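Let the sequences and hints guide you as you build the complete structure.
Residue 1 is where the sequence shown starts when you use the working numbering, and the numbers rise one by one after that.
What the hints contain is simulated information worked out from the structure, not anything from laboratory work.
Because the structure is a prediction, the values reported are computed rather than measured.
Hints should not be assumed to be uniformly reliable.
The calculated lysine-lysine pairs, modelled on DSSO-like cross-linking and capped at a C-alpha distance of 27 angstroms, are [claimed, not checked]:
1) 133 - 118
2) 170 - 157
3) 158 - 170
4) 169 - 158
5) 157 - 169
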Amino acid sequence: MAAEMDELRLRERELAESNAVHSRAIRTFVRALMERGEVDRIDKVAKHLGDAAATDTLPKYCLERTHTGALVERTRRKPRRRPGKGDAEVAIARRVAEARFERERVGAALIAAANAEKELETVVEEAARRARKECERFLAACVEDAAGLGGEEAEAKKEAEAKKEAEAKKE
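In structure tokens:
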């Protein structure tokens with residue numbers, strides 16, 4: 001059981017490391033495409049990855065889908081400077097815009113954490129199910145041994161009885 005858990009943890013670690021390398025490579029590629037202004041190619045990368053993988057892999061702070069579904073560069077919007085607006089109002093509006101931007105970023109992180117938690121729960125449930133089955137098998141074997149229905153002693157008794165019956169038939 002412990003060996004299985006160690007093997008499972010090792011597999012998870014290897015998968016996480018390979019995913020991290022893959023994600024870094026995609027992010028650098030997407031940044032290069034953004035610098036060139038090739039939005040269509042970024043959209044193709046997102047479609048190739050699929051929406052779930054794209055939201056995890058592509059940098060959230062710089063990509064946003066438009067109403068057409070295309071990915072575009074996202075920048076922090078500065079509030080317009082209208083005539084008659086004071087410096088304090090502009091500063092407040094700027095802080096509100098930054099807070100909104102941070103809230104969206106934190107929301108995306110919370111969604112990713114919730115997805116990871118659900119995945120971990122399924123892994124834990126599966127491991128618990130396997131452990132429960134193995135415990136049930138072990139307990140069943142113990143009950144058979146205690147009842148004299150299984151184990152080496154029971155086999156030896158059966159062999160001795162078979163020999164006695166064979167001798168009785170010969171006589």
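Results for each hint:
no.	hint	result
1	133 - 118	holds (23 angstroms)
2	170 - 157	holds (20 angstroms)
3	158 - 170	holds (19 angstroms)
4	169 - 158	holds (17 angstroms)
5	157 - 169	holds (18 angstroms)
Of the numbered hints listed earlier, not one is contradicted by the structure.
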